[in-house]
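Undergrad: The listed protein sequences derive, respectively, from chains U and S.
Quick note on our numbering: the first sequence kicks off at -9 and runs consecutively.
Quick note on our numbering: the second sequence kicks off at 2 and runs consecutively.
Treat each hint with caution, since some may be false.
[What the hints assert, rightly or not] The list that follows gives simulated cross-link-like pairs (lysine-lysine, DSBU-like), each with its CA atoms no further than 30 Å apart:
hint : chain 1 : residue 1 : chain 2 : residue 2
1    : S       : Lys11     : S       : Lys81
2    : S       : Lys127    : U       : Lys6
3    : S       : Lys81     : U       : Lys62
4    : S       : Lys58     : U       : Lys6
[Said to hold, decoys possible] What the simulated footprint calls covered on chain U by chain S, stretch by stretch (three residues with Cβ under 8 Å from a Cβ of chain S suffice, anywhere in the stretch; the number is not a length):
hint : stretch
5    : 8 to 17
6    : 72 to 84
7    : 89 to 95
Everything labelled a hint here was simulated from the structure, so no lab data went into it.
Glycine residues also receive a C-beta, built at the ideal position from the N, C-alpha and C atoms.
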Amino acid sequence: MRWIWIDRFIEFNSGKSAKAIKCLSMAEDHYARHFAGYPVMPACFILEGLAQTGGILVGEANAFKEKVVLAKVPRAIFHREMFPGEVLTYETEVLILRPEGASVSAKVTVQGEVTVEAEIFFAHLDQSRSKELFGESNFVFTGEFRHLLERMTRKS
Amino acid sequence: MPTQEEIFSKVSSTLVEALNVDEEDIKLSSTLQGDLGAESIDFLDIVFRLEREFGIKIPRGELFPESIFQGDPEFVSNGKVTEKGLKELRERMPFADLSSFEKDPSMSKLSDLFTVELITRYIQGKLS
């Protein structure tokens, strides 16, 4: 099972930038406890959504051949809480892309208002070591995931 | 060509961003791991930031060589780097000041070679 924290890509410029949206729905289970009577989208899920937007951007740049893993979030500033009913736009831009990994700048906007600014750093799992540990298959970008991605990028 | 002070200043601001440390804690002699708390993944982040900051290319393993001593079992003996290992180190890291390390070349002291000064000297060499 994968936990996908974006609903749809709305822009995708290969190797350069990607924009995705996430619609916050009160039906999502986590609002029951985060927090009872005061539902707020957990910041870690927002970061995960940003990292998925940026990680897919980085993965696609190498035709999904690399195993792209979130290595570090050097900076993340949350300007306000975000609530069910709001639509978050995740915007990511490649700062650097190298064989060893990549770094992206990221932000969240809600109707044009910047609510989060961050920088996310991805590593490509070492080719020789990851083959030893995980074999040939790419567990990050599986066939099922890429099929899902096609649906998420399809124009409605 | 920027002066050593200008390079140090830019290296410091790079390390502030990469390691989330205070600028006043960064000195030329600071070791990246011991004094500034860098972890393995931070080294790649530092390389990326230095490339952007100085507009240079840093080939993989040039500034922070990986597994220097795995190539030859004669490089290390009883937990100490041998003369052959030191020769390899000088060739791989001509920008490193090995004078202190050569007096006590214990493997446990190897990480102390990676200082702010080492980065500054490396960048100086790249820009000259």
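Undergrad: Check each numbered hint from earlier against the structure, then list the numbers of those it violates in ascending order.
TA: 1, 3, 5 and 6
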